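Colleague: Spelled out from the first residue to the last, the chains are:
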Amino acid sequence: MIINHPLLGPRDAAEFVYLGDASLIDRPDWEDPDAAEKYYEYLYLRDNPAGLHRELWFHEQGDRSWLVVTRNTLTHEITNVELARDVAKAQGRSR
Amino acid sequence: MRYSALKILKEGLTGNRGWKPVWREPEPRAEYDVVIVGAGGHGLATAHYLSKEFGVTNVAVLEKGWIGSGNVGRNTTIIRSNYMLPGNEPFYEFSLQLWEGLEQDLNYNAMVSQRGILNLYHSDPQRDAFARRGNAMRLAGADAVLLDQAGVREMCPFLDFDNARFPIKGGLWQPRGGTVRHDAVAWGYARAADSRGVDIIQNCEVTGFDIENGVCRGVETSRGRIRAKKVAVCVAGSSGRLMEKAGIRLPIESHVLQAFISEGLKPVIPGVVTFGAGHFYVNQSDKGGLVFGGDPDGYNSYAQRGGLPVVEDVCEGGMAIMPMIGRARLLRMWGGIMDMSMDGSPFIDRTPVDGLYFNGGWCYGGFKATPASGFCYAHLIAKDEPHPTAAAYRLDRFRHGAMIDEKGVGAQPNLH
Ligand SMILES: Cc1cc2nc3c(=O)[nH]c(=O)nc-3n(C[C@H](O)[C@H](O)[C@H](O)COP(=O)(O)OP(=O)(O)OC[C@H]3O[C@@H](n4cnc5c(N)ncnc54)[C@H](O)[C@@H]3O)c2cc1C
Chain A
60 MIINHPLLGP
70 RDAAEFVYLG
80 DASLIDRPDW
90 EDPDAAEKYY
100 EYLYLRDNPA
110 GLHRELWFHE
120 QGDRSWLVVT
130 RNTLTHEITN
140 VELARDVAKA
150 QGRSR
Chain B
68 MRYSALKILK
78 EGLTGNRGWK
88 PVWREPEPRA
98 EYDVVIVGAG
108 GHGLATAHYL
118 SKEFGVTNVA
128 VLEKGWIGSG
138 NVGRNTTIIR
148 SNYMLPGNEP
158 FYEFSLQLWE
168 GLEQDLNYNA
178 MVSQRGILNL
188 YHSDPQRDAF
198 ARRGNAMRLA
208 GADAVLLDQA
218 GVREMCPFLD
228 FDNARFPIKG
238 GLWQPRGGTV
248 RHDAVAWGYA
258 RAADSRGVDI
268 IQNCEVTGFD
278 IENGVCRGVE
288 TSRGRIRAKK
298 VAVCVAGSSG
308 RLMEKAGIRL
318 PIESHVLQAF
328 ISEGLKPVIP
338 GVVTFGAGHF
348 YVNQSDKGGL
358 VFGGDPDGYN
368 SYAQRGGLPV
378 VEDVCEGGMA
388 IMPMIGRARL
398 LRMWGGIMDM
408 SMDGSPFIDR
418 TPVDGLYFNG
428 GWCYGGFKAT
438 PASGFCYAHL
448 IAKDEPHPTA
458 AAYRLDRFRH
468 GAMIDEKGVG
478 AQPNLH
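Quick mapping for you: the protein sequence lines, in order, are chains A and B. Numbers 60 to 154, taken from the numbering used here, label the letters of the first sequence in order. Numbers 68 to 483, taken from the numbering used here, label the letters of the second sequence in order.
Source of the hints: derived by calculation from the structure; they are not laboratory data.
Computed beta-carbon distance windows for the label pairs:
#, chain 1, residue 1, chain 2, residue 2, range
1, B, 68, A, 87, 55 to 65 Å
2, A, 152, B, 419, 27 to 37 Å
3, A, 73, B, 391, 26 to 36 Å
In this text the structure is predicted, and so the values were computed from the model without any measurement. Every residue gets a Cβ at the ideal spot worked out from N, C-alpha and C, and that includes glycine.
Please construct the entire structure, taking both the sequences and the accompanying hints into account.
Modeller: The following block contains the structure:
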């Protein structure tokens with residue numbers, strides 16, 4: 060697979076490490092009254108879709124940036140690549 | 068029809084005209100006591116033990132493709148009980164004992180071959196870890212022998228003992244481990260269940276569940292609606308996508324794992340051999356092909372095929388321990404979709420929906436579990452309480468911190 064890095068252009072997926080579902084960006088608030096239940100769902104439960112999947116890849120053997128890759132789990136086709144930082148900021152996170 | 072040597076002789080002399088199809092092709096009925104979703108090894112074994120051990124025969128097994136089209140027909144056929152944790156080891160040892168009596172139980176030749184499994188170690192700390200694992204195995208009634216380098220040399224003289232980076236110092240040997248002809252396991256269980264009246268219905272995909280007020284009353288399928296008192300899902304790699312239809316999110320990701328087979332060679336590899344410093348394992352099939360594999364590709368996938376980086380990694384692992392393998396030509400490679408759980412261990416449990424049961428999360432190790440998984444699932448479905456050896460396989464164990472993490476790597480499915 061080739062991942063079209065927003066800063067570096069097309070890179071071999073073998074340069075990256077895979078973390079999983081991009082919802083891992085949305086870490087729950089530890090002060091929330093149901094933090095225990097929310098962390099259980101955040102850490103352990105997955106949507107695991109057959110089709111489009113937004114997922115986190117880390118460019119370990121490159122510029123060490125985190126990317127959000129939109130990939131089809133049925134065909135492995137990649138349709139969108141964003142910097143995870145931009146995704147997190149667009150969701151209102153400070154960094 | 069019972070199989071025997073006499074029967075083969077008689078058929079051989081009369082032109083082999085007396086053989087009958089091994090199972091029926093029934094039309095689905097409107098209602099069953101138990102509907103099992105997925106005719107992989109686990110689904111068929113569940114049907115067999117339900118009908119034989121627990122007296123439940125009004126059962127259908129629904130399969131979206133054909134029997135053996137899933138992981139039961141794609142795995143590398145290794146059986147073993149070399150686990151360590153108390154939640155796992157008694158279960159896998161129970162499974163190995165069921166393998167040992169399987170062919171007599173089914174009257175079917177599944178080519179169960181206890182040729183042994185050898186896990187190589189390459190350093191002192193690894194030897195200590197293997198000694199600990201061996202002790203845990205023996206405490207659970209399994210067999211384990213810690214070999215030094217001379218012991219391994221006697222068994223596998225072809226290994227690269229003095230490899231500069233990963234010298235081979237010895238191994239943990241389980242003599243009762245080995246291989247089983249995987250397709251024959253599916254066929255043998257199917258035949259045995261069918262002979263007791265279980266309907267095995269192929270080309271019948273479950274597309275939804277009939278759930279009323281939190282109670283499951285049946286399934287919707289590509290061949291119409293089927294009512295059932297109990298619905299038991301065991302669809303391995305498809306677990307996430309099917310359970311979503313019942314509104315249940317699982318602690319599971321689906322990943323692809325590849326396997327490889329070389330051209331047929333004269334016997335060279337005595338049992339199963341695994342590399343301890345990278346991921347590579349190999350055995351030799353009875354036809355002579357070297358069957359081998361390694362790491363999963365590492366990303367979510369439902370594509371049943373993997374990529375070239377893993378092919379390279381697996382072959383490097385092979386070359387590191389047995390350079391002779393470099394002379395063999397690769398014949399075929401394929402992939403299967405595995406239900407990778409958050410701690411690398413499986414689930415056999417009820418669900419929040421009454422009458423709906425779940426079996427899954429087998430990762431790349433569910434073939435060896437087939438008999439015990441079927442037995443324990445049948446026990447749960449028939450008696451509504453877990454079998455003692457599978458009592459730790461709860462679906463909500465992460466909520467309580469009761470994970471069964473053999474490798475200790477945490478909630479990261481591609482590392483298990
Ligand atoms: C390459 C590879 C190598 C492996 N090597 C080993 C090994 O050496 N040792 C070991 O112990 N394990 C191994 N495994 C793991 C093992 O094969 C699996 O864990 C095990 O086979 C899973 O259980 P099963 O046989 O019931 O799955 P499957 O055979 O996959 O059965 C699930 C069935 O459900 C059906 N299904 C899915 N969705 C639906 C639906 N909606 N409706 C109806 N039916 C449906 C599928 O078509 C399939 O037939 C390996 C796996 C792979 C991929």
